[in-house]
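For the sequence shown, position 41 (counting from the first letter as 1) is numbered 41 according to the numbering used here, and the numbering increases by one without interruption.
If you are wondering where the hints come from, they were derived from the structure by calculation, not from laboratory data.
The structure displayed is predicted, hence computed values, not measured ones.
Do not rely on the hints blindly, as some may be mistaken.
What the hints assert, rightly or not - The calculated label-pair distances, taken between Cβ atoms and stated as ranges, are:
| hint | residue 1 | residue 2 | range |
| --- | --- | --- | --- |
| 1 | 69 | 218 | 56 to 64 Å |
| 2 | 55 | 151 | 19 to 27 Å |
| 3 | 310 | 45 | 47 to 55 Å |
| 4 | 236 | 75 | 32 to 40 Å |
| 5 | 60 | 192 | 26 to 34 Å |
| 6 | 243 | 151 | 27 to 35 Å |
| 7 | 243 | 300 | 53 to 61 Å |
| 8 | 166 | 211 | 25 to 33 Å |
| 9 | 115 | 243 | 42 to 50 Å |
| 10 | 241 | 158 | 12 to 20 Å |
| 11 | 306 | 55 | 40 to 48 Å |
Said to hold, decoys possible - For lysine to any residue, the following SDA-like pairs were computed, each having C-alpha atoms within a straight-line distance of at most 25 Å:
| hint | residue 1 | residue 2 |
| --- | --- | --- |
| 12 | 269 | 255 |
| 13 | 269 | 132 |
| 14 | 161 | 187 |
| 15 | 161 | 56 |
| 16 | 269 | 306 |
| 17 | 269 | 211 |
| 18 | 269 | 127 |
| 19 | 161 | 60 |
| 20 | 161 | 127 |
| 21 | 269 | 244 |
| 22 | 161 | 58 |
| 23 | 269 | 113 |
| 24 | 161 | 276 |
| 25 | 161 | 270 |
| 26 | 269 | 168 |
| 27 | 269 | 223 |
| 28 | 161 | 133 |
| 29 | 269 | 200 |
| 30 | 269 | 302 |
| 31 | 269 | 154 |
| 32 | 161 | 302 |
| 33 | 269 | 295 |
| 34 | 161 | 207 |
| 35 | 269 | 171 |
| 36 | 161 | 267 |
| 37 | 269 | 287 |
| 38 | 161 | 150 |
| 39 | 161 | 113 |
| 40 | 161 | 211 |
Heads up, the beta-carbon is just placed ideally off N, CA and C, and yes, glycines get one too.
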Amino acid sequence: MKIQRLGLGLVLLLTGVFWAGGHAEPVNAAPATELRAAPAQSEIIYTVQRGDTLAGIARRYHTSVATLMQLNHIINPDRIYVGQRLRIPAAGGTGYTRISFPPGGSAATVTSRVTAPGRACYTVAARAGQQMAVQITSPGNAANFLVSAVDINAIGGFPLKRLESEARTWTGTLPATTDYLICVATAVGSTTYSLTVTIPPTASPSPAPRRVHFPAGGTSATLTGQVAGAGLSCYILGARANQLMTVQVTSPGNAAGFSLVGADGSPLKRMSVGGPSFSGRLPATQDYTICVGLPTGAGAVNYTLFVAITN
1 MKIQRLGLGL VLLLTGVFWA GGHAEPVNAA PATELRAAPA QSEIIYTVQR
51 GDTLAGIARR YHTSVATLMQ LNHIINPDRI YVGQRLRIPA AGGTGYTRIS
101 FPPGGSAATV TSRVTAPGRA CYTVAARAGQ QMAVQITSPG NAANFLVSAV
151 DINAIGGFPL KRLESEARTW TGTLPATTDY LICVATAVGS TTYSLTVTIP
201 PTASPSPAPR RVHFPAGGTS ATLTGQVAGA GLSCYILGAR ANQLMTVQVT
251 SPGNAAGFSL VGADGSPLKR MSVGGPSFSG RLPATQDYTI CVGLPTGAGA
301 VNYTLFVAIT N
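Given these sequences and hints, build the entire structure.
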């Protein structure tokens, strides 16, 4: 894509109402509450930078090239220029609606309607290490959703679930303490939907990560511990880019799982995905945090954690 002339820097001008409702802080499990959402209208004004493409801007703001073309009266998507001011629907849709759990509750259900190419976007606050479950139902499975963060850099620059994923449910361990973003969309036409968000309670704050040291001349370490309920046992260790890390958790019935997240927030493995083992080349020289927990968030189990780092 050609950029035709130089211009000014990034300008973010937020208009409209972004937050509705209170702060979501899950405590104890309770039945889901139901509410009806009508997100407020808001948008971002973005100034095109050198090297920008319309497709790249659409990805960054969780929207589509077609939406940006329609909103900004662009005929050729390959012809934008530095300094051009683009109207962007906030979070690719019609604004954010804050999802609030009822007192003592850990789940909420939103019912509404979405019309293409717009999106209905919601935010919910959560802490690093908590699990989030999202499920959507709609006639003919017409609606789907993405899961990301309001500040996508807080989770490594990539969404946790993309709209392109065919799954209508998602469960994952959250990599950062931040506001998470859930956007609902449909490919064509208009559809009603019911969206349920669940964040199980955390019984007590997890202890600070324990620094792992290998013995002199060694490349591995074995640690033991116990996890219970929604608690986590976390470990931190440094490694270099392109080193091979191997992680294995063993427990009765393979009940325990683990997540692996870089200091930059990039998740290499999520708690509920990939089973009790991981092996892969590391993307950067930094600290890595391994958190052992129970994907089901129930019971208590002893575990053994094996970690090896080789060149």
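Results for each hint:
{"no.": "1", "hint": "69 - 218: 56 to 64 Å", "in the structure": "holds, 57 Å"}
{"no.": "2", "hint": "55 - 151: 19 to 27 Å", "in the structure": "holds, 21 Å"}
{"no.": "3", "hint": "310 - 45: 47 to 55 Å", "in the structure": "holds, 50 Å"}
{"no.": "4", "hint": "236 - 75: 32 to 40 Å", "in the structure": "violated, 52 Å"}
{"no.": "5", "hint": "60 - 192: 26 to 34 Å", "in the structure": "holds, 29 Å"}
{"no.": "6", "hint": "243 - 151: 27 to 35 Å", "in the structure": "holds, 29 Å"}
{"no.": "7", "hint": "243 - 300: 53 to 61 Å", "in the structure": "violated, 33 Å"}
{"no.": "8", "hint": "166 - 211: 25 to 33 Å", "in the structure": "violated, 41 Å"}
{"no.": "9", "hint": "115 - 243: 42 to 50 Å", "in the structure": "holds, 49 Å"}
{"no.": "10", "hint": "241 - 158: 12 to 20 Å", "in the structure": "holds, 18 Å"}
{"no.": "11", "hint": "306 - 55: 40 to 48 Å", "in the structure": "holds, 43 Å"}
{"no.": "12", "hint": "269 - 255", "in the structure": "holds, 16 Å"}
{"no.": "13", "hint": "269 - 132", "in the structure": "holds, 15 Å"}
{"no.": "14", "hint": "161 - 187", "in the structure": "holds, 17 Å"}
{"no.": "15", "hint": "161 - 56", "in the structure": "holds, 18 Å"}
{"no.": "16", "hint": "269 - 306", "in the structure": "holds, 15 Å"}
{"no.": "17", "hint": "269 - 211", "in the structure": "holds, 19 Å"}
{"no.": "18", "hint": "269 - 127", "in the structure": "holds, 17 Å"}
{"no.": "19", "hint": "161 - 60", "in the structure": "holds, 14 Å"}
{"no.": "20", "hint": "161 - 127", "in the structure": "holds, 18 Å"}
{"no.": "21", "hint": "269 - 244", "in the structure": "holds, 14 Å"}
{"no.": "22", "hint": "161 - 58", "in the structure": "holds, 16 Å"}
{"no.": "23", "hint": "269 - 113", "in the structure": "violated, 34 Å"}
{"no.": "24", "hint": "161 - 276", "in the structure": "holds, 21 Å"}
{"no.": "25", "hint": "161 - 270", "in the structure": "holds, 12 Å"}
{"no.": "26", "hint": "269 - 168", "in the structure": "holds, 21 Å"}
{"no.": "27", "hint": "269 - 223", "in the structure": "holds, 19 Å"}
{"no.": "28", "hint": "161 - 133", "in the structure": "holds, 11 Å"}
{"no.": "29", "hint": "269 - 200", "in the structure": "holds, 20 Å"}
{"no.": "30", "hint": "269 - 302", "in the structure": "holds, 21 Å"}
{"no.": "31", "hint": "269 - 154", "in the structure": "holds, 16 Å"}
{"no.": "32", "hint": "161 - 302", "in the structure": "violated, 31 Å"}
{"no.": "33", "hint": "269 - 295", "in the structure": "holds, 13 Å"}
{"no.": "34", "hint": "161 - 207", "in the structure": "violated, 28 Å"}
{"no.": "35", "hint": "269 - 171", "in the structure": "holds, 13 Å"}
{"no.": "36", "hint": "161 - 267", "in the structure": "holds, 12 Å"}
{"no.": "37", "hint": "269 - 287", "in the structure": "holds, 15 Å"}
{"no.": "38", "hint": "161 - 150", "in the structure": "holds, 14 Å"}
{"no.": "39", "hint": "161 - 113", "in the structure": "holds, 21 Å"}
{"no.": "40", "hint": "161 - 211", "in the structure": "violated, 30 Å"}
Of the numbered hints listed earlier, those contradicted by the structure are 4, 7, 8, 23, 32, 34, 40.
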